[in-house]
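There are 2 protein chains.
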Amino acid sequence: MAPEKEVQGGVEWRVTVPEGASAVVEPRPVNGWADLVRAWLMAAAGFGRKAWVIGADDPRKVVHGVKVGAALSLVSLFYYTRPLYDGVGGWAMWAVMTVVVVFEFTVGGCLCKGFNRAMATVTAGLLAVGVHWIASRAGETAEPVILSASVFVLASAATFSRFLPAIKARFDYGITIFILTFTFVAVSGYRVDRLLHLAQQRAYTIVIGVGICLLVCVFICPVWAGQELHLLVSGNMEKLADSLEGLAEECFMEEQGKQLPSAKSPGYKCVLNSKASEDSQANLAKWEPPHGRFRFRHPWSQYLKVAAAMRYCAYCMEALNGCVASEIKASEKMKSHLRGVCVKLSSDSSKVLKELARSIRSMEESRSIPCLVTEMKRGAQELQASLRSLPEQLMSAGGEEETTADGGGGETQRVTVSLMEGMPIITAACLLAEVSERVEGVVEAVGALAALARFDRKKAAFASVAPQEESATPQRQEV
Amino acid sequence: MAPEKEVQGGVEWRVTVPEGASAVVEPRPVNGWADLVRAWLMAAAGFGRKAWVIGADDPRKVVHGVKVGAALSLVSLFYYTRPLYDGVGGWAMWAVMTVVVVFEFTVGGCLCKGFNRAMATVTAGLLAVGVHWIASRAGETAEPVILSASVFVLASAATFSRFLPAIKARFDYGITIFILTFTFVAVSGYRVDRLLHLAQQRAYTIVIGVGICLLVCVFICPVWAGQELHLLVSGNMEKLADSLEGLAEECFMEEQGKQLPSAKSPGYKCVLNSKASEDSQANLAKWEPPHGRFRFRHPWSQYLKVAAAMRYCAYCMEALNGCVASEIKASEKMKSHLRGVCVKLSSDSSKVLKELARSIRSMEESRSIPCLVTEMKRGAQELQASLRSLPEQLMSAGGEEETTADGGGGETQRVTVSLMEGMPIITAACLLAEVSERVEGVVEAVGALAALARFDRKKAAFASVAPQEESATPQRQEV
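For the protein sequence lines, the chains are A and B, in the order given. According to the numbering used here, the residues represented by the first sequence are 1 to 479, in order. According to the numbering used here, the residues represented by the second sequence are 1 to 479, in order.
Simulated from the structure, these hints should not be mistaken for lab results. Quantities reported herein were computed from a predicted structural model and do not represent experimental measurements.
A pair holds if it fits inside one copy or across any two, identical chains being indistinguishable in the list.
Once the Cα atoms are required to be at most 27 angstroms apart in a straight line, the calculated BS3-like pairs of lysine-lysine come out as: (1) K275 <-> K50; (2) K286 <-> K50; (3) K168 <-> K50; (4) K305 <-> K275; (5) K61 <-> K275; (6) K50 <-> K305.
Taking the hints into account, I'd like the entire structure generated from these sequences.
The structure is reproduced here in structure tokens:
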């Protein structure tokens, strides 16, 4: 089980010895079958390890594999069992194909593809039979011309319609099947001439295929796209909260002890990068029936608005992260003046985000949010006041130490110089204020979600006592 | 051709009168077939307009539709022409299916899917024949058990392997085809018992299908994913440059004339949102043969690094945009002091980005870049100096006007108060400096791209004279 690290131009083997020490084996030229086999085995082991990590991280992925295997085995029964075989015949192949193509990880994906496949097959089949009927009336020479022309026109139009975003999002797969079925029926009808029988066969097989898919997908460890979206958004919000606290601590605590919780801060990057998966999950969730705590017509698109508001925060935090990364030359005096208010503001904003995440996760309306938001706003005002009083603070602090120097003019210069040197930290403080303002946008978006999804209110009244009390005593001791 | 606007709960008809005035027709209850038909026609007209806009915007999309139609008509010839029909028989259906499923917008997409389909069919076919041979030796009762078990195990494993990102990116479609072919051959072999003939047929049809796809895709108005990526990245860089200029102007010019080029600024949002399409295009570009100016092994993944560096800039610009949006209460004095350096820095950074975009677009190494970067760095230093001298400036400016007031202490207070009130504009200036620092990251990434892709050097020496001169005279007149 030696972990392998690929280096450009060759392979470096790093063999981990059980004690934890590691020995690097020099790359050797591959000079025999034994080496080739060994290299292949190593690569396979590396691949296996990756697969193991993914499976251990989310066992539902392994279950999904097993589900597909089970559905295929079920459908291949149609080949083995005589009576069924006689019923559906050689067309059982289409049931196999339906299962392979329609089976998706989430229930929403499965329903979306199943619906697309069924609808597209029916529509295209009917249309093709119609065209075929017209063509057969037109005489033997005109028939192939009409059929070819109809295939050309419909395939072109259907392919082009995929570029329309509304169609692409919902019916992309359906259009593939539409073109496929139309071409099959229109063209093969020319030879086979038993269209209705053929249509009936395909309808059976699609019903069987989609039915097996849905049965296995819904009743064996179902994965709901809606639930995934719900957890993704609330999880990202928690990461954002952690990372906001982490950033402020890194920015203002640097001198103290050097025990930085820097592992926290990259959480906001998940928020920056999750747009694509949120969009697709919201799209699939709309196909799903009510499940768990999610009612019919749950406002899935509102989750996207919440996520957009979070991303809006995360952009600002990225800029703040730039400030943290750049060398901050501010005097310890200035830092200590701003530290309290900044860390308090970030912790207040982070508390708001965490409470929002809790509220989404439990689907209960939180009564402590208004309090927490007020507290956060007060924190922002304190930060503004602190910034405004910064020159006086610096002056009085300087005054105590070195009043021996020249008069007002010199001191002013000293203060303004130290002010201007501490510009990065002031920028960081301003960005923190901007982040807290953008957190209010998240509060609004979550409020709209709570109203649209009719979050529970009763429990919230009971549960909100603790956070409310907590927020009433601003946690200065943290600072 | 009346444009239609849908309103929640009803339909509002806005009929545009030729003169340009518009009359709003009140929503009416739908009370007859005529109304239904009219509503349907209106919806169809709206749909048609959208399609027209998309087609007019990028006519290659219309051409793509026509290409698919042509490829399908070509392939359906196999049904109409007797000699061909006798050769490929009922299996010509597979050629149709191959064309419908493999034909993609870009050449890379088409090649990727064609290769996947061919390889997966061959691998799965050989494996299935092997399993079938073993099963046929095991006796009649064991045969279906072995076949079913092999389908179950292979389908489960293949489905799970899709969760590995490396496999997902390259072989997602191949795995679908692998499962499909394996199941078909393993299961249908049980009945048909003429596997080799079947395999030969499928090989023919796939060669025909993929061949027709590639012929049409490559030789009729080809769309190369690599070229698309190249244009997307250079185009986004130009948008970023425009939007940087626009933001600085909005931020510092607000009082003057109010003629804001605010249409420019949202350009950076394209950069924020284009990650998914960049990733997929880079992925497909790797499948493409050398084309146009792109050699074999063109460094497509370096484009992703350039795009990431650009996104890094764009995050900062998003925060800057927040500053622009928030009410800036800075005194005109302070603004006018910072305006010059800030607008110069943003125009310098924007020039660097534009020159980089030009260099990428023309694939020529730019010799003026070092000069422009030096100029930008000088601009950043000037901005720093300006910020540092801000208090003195404010003091002297104030001094001229109102020296009548009390001594040094009062004046200091006045200056510091106006400093702290102008905090948002100082933050904006700091963010601008941060953006210019991040632009250096873009310069590095593009430099690496130029080295890897061996950009042309000769023309660059000639072309660089003009921008160099331009940059030597900082454009104060703009300010």
